[in-house]
Every structure is written in structure tokens, then in C-alpha cells.
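Sequences and hints are given; from them, build the entire structure.
Here is how the chains run, residue by residue.
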Amino acid sequence: MLISVYVPLLITMVVAVFAPRAAPLLAPRPAAWSLVSAALVASLGWLGSLALLAFAGLAQLPEVAEEGRWSVAAVRASDPVYLTVAGIAALALLASVTGLAVAATRQLRHLRWARRECRLLPGDTELAVLDMELPEAFALPGAPGRIVVSRGMLRCLGDREREALLAHERAHLRCRHHLFQTLWRLTAAVNPLLRPLSGAGGFVLERWADEEAAVRVGDRTVVARAVGRAALATSANRSRPALAATGGAVPQRVRALLAPPPPRRALPFVAGAALLVMCCASLADAAGDSEQMIETAQHAACVTAQAAATSAQPLVPPHGPCCAHGRPDSPPHQH
Amino acid sequence: MHDRKSDEPGATSGRRARGELESGVLAALYGSDEPLTARQVKDRLPGDLAYTTVLTILSRLHDKGMLVRHRAGRGYAYAPARDEATHTADRMRSLLEHGTDREAVLTRFVSELSEADEQLLQRLLSEHGGPQQGGPQHGEPQHTGRTDEGP
Numbered sequence: 001m002l003i004s005v006y007v008p009l010l011i012t013m014v015v016a017v018f019a020p021r022a023a024p025l026l027a028p029r030p031a032a033w034s035l036v037s038a039a040l041v042a043s044l045g046w047l048g049s050l051a052l053l054a055f056a057g058l059a060q061l062p063e064v065a066e067e068g069r070w071s072v073a074a075v076r077a078s079d080p081v082y083l084t085v086a087g088i089a090a091l092a093l094l095a096s097v098t099g100l101a102v103a104a105t106r107q108l109r110h111l112r113w114a115r116r117e118c119r120l121l122p123g124d125t126e127l128a129v130l131d132m133e134l135p136e137a138f139a140l141p142g143a144p145g146r147i148v149v150s151r152g153m154l155r156c157l158g159d160r161e162r163e164a165l166l167a168h169e170r171a172h173l174r175c176r177h178h179l180f181q182t183l184w185r186l187t188a189a190v191n192p193l194l195r196p197l198s199g200a201g202g203f204v205l206e207r208w209a210d211e212e213a214a215v216r217v218g219d220r221t222v223v224a225r226a227v228g229r230a231a232l233a234t235s236a237n238r239s240r241p242a243l244a245a246t247g248g249a250v251p252q253r254v255r256a257l258l259a260p261p262p263p264r265r266a267l268p269f270v271a272g273a274a275l276l277v278m279c280c281a282s283l284a285d286a287a288g289d290s291e292q293m294i295e296t297a298q299h300a301a302c303v304t305a306q307a308a309a310t311s312a313q314p315l316v317p318p319h320g321p322c323c324a325h326g327r328p329d330s331p332p333h334q335h
Numbered sequence: 336m337h338d339r340k341s342d343e344p345g346a347t348s349g350r351r352a353r354g355e356l357e358s359g360v361l362a363a364l365y366g367s368d369e370p371l372t373a374r375q376v377k378d379r380l381p382g383d384l385a386y387t388t389v390l391t392i393l394s395r396l397h398d399k400g401m402l403v404r405h406r407a408g409r410g411y412a413y414a415p416a417r418d419e420a421t422h423t424a425d426r427m428r429s430l431l432e433h434g435t436d437r438e439a440v441l442t443r444f445v446s447e448l449s450e451a452d453e454q455l456l457q458r459l460l461s462e463h464g465g466p467q468q469g470g471p472q473h474g475e476p477q478h479t480g481r482t483d484e485g486p
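Residue numbers (the working numbering), protein chains in the order written: chain A, 1 to 335; chain B, 336 to 486.
Hints are computed from structural coordinates only; laboratory data are not their basis. Don't take every hint at face value.
A few chain A positions that, by computed beta-carbon distances, are all more than 12 Å from chain B [claimed, not checked]:
{"id": "1", "residue": "L47"}
{"id": "2", "residue": "Q60"}
{"id": "3", "residue": "E66"}
{"id": "4", "residue": "E67"}
{"id": "5", "residue": "G68"}
{"id": "6", "residue": "Y82"}
{"id": "7", "residue": "L91"}
{"id": "8", "residue": "S96"}
{"id": "9", "residue": "L166"}
{"id": "10", "residue": "P192"}
{"id": "11", "residue": "L193"}
{"id": "12", "residue": "A274"}
{"id": "13", "residue": "M278"}
{"id": "14", "residue": "Q292"}
{"id": "15", "residue": "S311"}
Rough simulated footprint, nothing fancy, chain A against chain B, three-plus residues with beta-carbon under 8 Å [unchecked claim]:
{"id": "16", "segment": "351 to 364"}
{"id": "17", "segment": "394 to 402"}
{"id": "18", "segment": "422 to 428"}
{"id": "19", "segment": "443 to 452"}
We treat Cβ as the ideally placed atom computed from N, Cα and C, and that holds for glycine.
Here's what the structure looks like:
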């Protein structure tokens with residue numbers, strides 16, 4: 001308990017630092033799935049660890065011990081955590097759960113809006129064209145999702161590049177990339193440390209769709225040109241100043257498309273999987289320790305009650321059959 | 336990413352394939368300055384489509400009210416019906432320009448470029464894409480006068 005409960009917290013930080021750096025360098029599809037698993041396990045580990053820490057503090061409160069019929073002294077004797085640490089963990093847990101609830105509500109509202117918008121768009125075709133000069137293209141998730149492209153965008157691309165654009169957006173819809181993004185947003189709400197995963201994930205999804213488009217079109221250069229042309233046309237048409245903060249995502253995508261397809265490498269995935277397994281294992285270990293601590297404390301409370309009962313015969317044990325569960329090996333003292 | 340059976344044209348279901356063709360036809364028509372005949376549309380679409388397939392899609396889109404057409408020689412030249420697209424564009428523009436939170440669910444094709452990105456991109460494209468063109472229209476002569484054997 002002492003160490004294992006902190007391991008998931010530590011692993012969360014390791015994941016938050018390394019996963020966003022490693023993911024863009026790997027083949028995009030496995031990278032996206034890895035980022036999803038990492039985000040999921042890390043945030044569950046985070047919640048679990050905080051809950052265990054908070055519980056270890058809560059268990060030391062006399063009122064809680066009274067309710068759960070265990071001995072405060074025995075819990076304290078097993079030396080779980082400082083009350084301050086437990087208090088901080090409880091606050092962090094509260095913040096995480098609140099953040100998750102807020103983010104989930106918001107995300108659900110957005111997805112519902114997108115779904116409605118898909119129906120409102122004119123026509124029943126997969127592609128909905130916006131009659132505007134500003135180059136714009138995006139996938140609108142729904143059932144079924146729609147590809148929304150402005151006339152300006154279609155006019156700045158050649159025939160094969162248009163095909164690449166459609167294939168790219170189609171890949172977003174078909175592979176349900178919005179669900180990946182939703183999951184990253186939710187995990188970032190649970191733990192803000194995981195926010196970089198969302199950013200890296202967004203890039204990886206674009207790369208994934210680029211690669212799918214390249215397979216579809218059969219020419220990586222065509223996709224590279226489509227992305228590059230679209231980006232240049234977009235920035236030429238924007239009145240607002242371009243943000244430097246976008247960090248060169250488009251040039252990176254174009255460069256990746258002009259290079260051969262990324263090789264499949266196993267080592268980063270194996271390392272990441274090992275880390276996540278470690279996270280789960282230590283969380284399970286900590287939970288087991290926590291359970292054992294409570295059982296021991298319940299046993300101690302029971303023994304005390306038995307002692308009191310035997311010394312003053314007419315008194316009934318305060319908590320009735322407290323030893324029956326949890327300690328099957330303890331002698332049955334009731335009646 | 337290369338072993339996906341579903342990526343092969345033959346494996347896609349007929350309905351999806353038709354939907355994708357419709358998208359391609361619409362995109363080609365919106366991407367063009369002038370109305371296009373069925374043969375011109377066919378030339379702009381990927382793969383080796385049958386002329387009748389393109390013609391079927393064009394007439395279906397026309398039946399749905401998404402295209403307008405006028406006589407061109409023995410066949411028709413098609414153009415997108417733009418009223419609805421304009422209406423939708425107004426709504427979407429206000430959404431996109433205000434940069435609301437809702438953008439979160441959209442996966443945009445390209446993100447914005449910084450000035451350095453722009454130069455880098457120009458260089459990358461000129462190295463690999465041949466000479467930089469102002470637009471694709473320059474490289475593709477349009478034969479609007481051409482007739483096509485319609486029904």
C-alpha cells in the first residue's frame with residue numbers, strides 16, 4: 001500500500017511526458033490506439049490511487065470507523081497515509097470527478113449538436129458543400145457523418161487532390177476518430193496532466209487519415225500536395241493572424257507523406273504496455289492492501305468487543321456478528 | 336495500413352460506393368468554374384468509371400434537386416444548385432468564425448500555419464510537386480464546348 005498506491009500516479013506522469021513525444025513518430029493507427037489505452041489506463045489509475053489514498057484517510061476518522069465497525073487504532077497502527085496526504089487526495093479526487101462530469105456533459109452536447117447538424121445539412125449525400133470562398137473542410141460526426149467542404153477548398157485543389165481530401169475526411173468518419181478525441185478530452189478533464197495526450201492525439205488522427213487517404217489514392221505525394229495546398233490556401237484567405245502555436249502540424253504531415261510509410265516498431269508499444277500493466281498491477285496491489293488493512297482493523301474491533309463482552313457478561317457485543325465475515329478462520333464467538 | 340481489405344474498391348458495399356461516387360461528382364462540379372458534361376465529370380473522377388455510371392449519378396443528384404442542368408449539344412451540362420449551399424454556408428460561417436467550443440468535435444483538414452510553416456511548406460511542395468501552380472485549373476484545360484452523347 002505504502003508504495004504501490006503511488007505507482008499509478010507516477011506512471012501517469014511518465015505517460016504524460018513521454019507518450020505525446022513518442023506517438024507522432026510512430027505508425028499513426030497503432031499510435032492512436034496506444035494513446036487511447038494510455039489515457040484510459042492512466043486516468044483510471046489516477047482515480048483509483050486517489051480514491052485509495054482518500055479512503056485510507058477517511059478510514060481513520062472515528063465516525064467512519066464506527067459505521068464500518070473497525071478499529072481506528074488498528075488502522076492507524078498499520079500506518080496507511082498521513083491525513084494531509086489523504087485530504088489532498090480527496091480534494092484532487094473531487095476535482096477530477098467534477099471535471100469529468102462537466103467535460104462529459106459538454107462533449108455529449110457537442111456530439112448531439114454535430115448529429116443534428118448532419119441532418120440539417122442539405123441533401124442526403126455524404127458530401128455537403130458550403131458555398132463560401134474561404135477554404136474549409138472538416139468531418140462532422142453523426143449517424144451517418146457528413147463531410148463538409150467549402151467551395152473555396154474544392155476550387156483550390158486538383159482532381160486527384162480532391163479525391164485525397166474526400167478520402168481523408170472519410171477515414172475520420174469511418175474510423176470514428178471523434179470517439180478517440182472524446183476519450184482524450186474526458187481523460188484530460190480527469191487529470192490535466194494528460195492534456196498533452198489530447199494534442200498529440202489530434203495530430204496522430206490527422207496522420208492516420210492521411211495514411212488512409214494515401215492508400216486509397218495510391219499516391220502519397222498527391223495527399224501531401226492536397227494537405228499543403230489546402231493549408232496554404234487557408235492561410236492566404238484568413239484575415240486573422242496565423243497562430244504560431246499550431247507548431248507546424250501541417251509541414252510535419254506533408255513531410256511524413258513525402259517520406260515512405262512509417263515503419264512498424266514494436267519497442268515503444270511494448271514499453272508502453274509494460275508501463276500500463278505495471279499501473280494496473282500496483283493499483284490492484286494497493287487495493288488488496290487496503291482491503292486487508294480494513295479486515296485486520298475489523299478483526300481487532302471484534303476482538304476488543306469480545307473482550308468487553310466476556311468481562312461484563314450482561315453486555316451484548318456492541319456490533320453484533322462482526323467477526324463472521326472477513327475472518328472465516330477466527331473462532332465463532334457468537335451466542 | 337496496407338492490409339485493409341475494405342480499402343479495395345471491390346470490397347466496399349454497393350451503397351457506400353455509390354455514396355462516395357456522389358461525393359466525387361459533387362466535389363468535381365463545385366470545383367469547376369463552368370457547368371460540366373457527364374464526360375467531363377467522368378474525366379475528373381478517379382478510376383475508370385463507366386460513362387453510364389456517371390450519367391446515372393448526375394441524373395439522380397439532379398432529381399434530388401442538388402444540381403441544375405442545361406442543354407449542351409446533345410446532352411446536358413450540370414452545375415451545382417447553390418441556393419441551399421449558400422444558406423448553409425451562412426450558418427456554418429458564423430459558427431466557424433466565432434470559434435466556439437463546438438469546433439471541438441470537428442476534425443478540420445488543415446490547421447492554421449505560422450509564417451515559418453508557410454515558407455517551409457512552399458519549399459516542401461516545390462521540391463516534390465513540380466512547379467508551384469496558382470491553382471489546379473491552370474493545368475487542366477476545360478472543354479466546355481464539348482458535347483456529349485446524352486440520352
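Do three or more residues from the segment 394 to 402 of chain B put their C-beta atoms closer than 8 Å to C-beta atoms of chain A?
holds (count 3)
Looking at P192 of chain A again, its CB stays over 12 Å from all of chain B?
holds (16 Å)
Is the nearest Cβ of chain B still more than 12 Å from the Cβ of E67 of chain A?
holds (42 Å)
Reported absence of G68 of chain A from the contact zone with chain B (all CB gaps over 12 Å):
Holds, since 42 Å exceeds 12 Å.
Beyond 12 Å from every chain B Cβ - status for E66 of chain A
holds (46 Å)
Claimed clearance of chain B by Q60 of chain A, with the beta carbon kept past 12 Å
It holds; Q60 of chain A is separated from chain B by about 42 Å at its closest Cβ, greater than 12 Å.
With d taken as the least Cβ-Cβ distance between Q292 of chain A and chain B, does d exceed 12 Å?
holds (44 Å)
Take a quick look at S96 of chain A and tell me if its Cβ sits farther than 12 Å from every Cβ on chain B, holds or violated.
holds (20 Å)
Compute the least Cβ-Cβ separation between L91 of chain A and chain B, then decide whether it is above 12 Å.
Consistent with the label, L91 of chain A stays out of reach of chain B, its closest Cβ about 27 Å off (over 12 Å).
Would the least Cβ to Cβ distance between M278 of chain A and chain B come out above 12 Å?
holds (30 Å)
State whether the coverage of the segment 351 to 364 of chain B by chain A holds or is violated, taking the criterion as 3 or more residues with Cβ-Cβ distances under 8 Å.
holds (count 8)
Nearest-CB test (12 Å) between chain B and A274 of chain A:
A274 of chain A is indeed farther than 12 Å from all Cβ atoms of chain B, at 25 Å.
Violation of the numbered hints given earlier is confined to hint 9; every other hint is satisfied by the structure.
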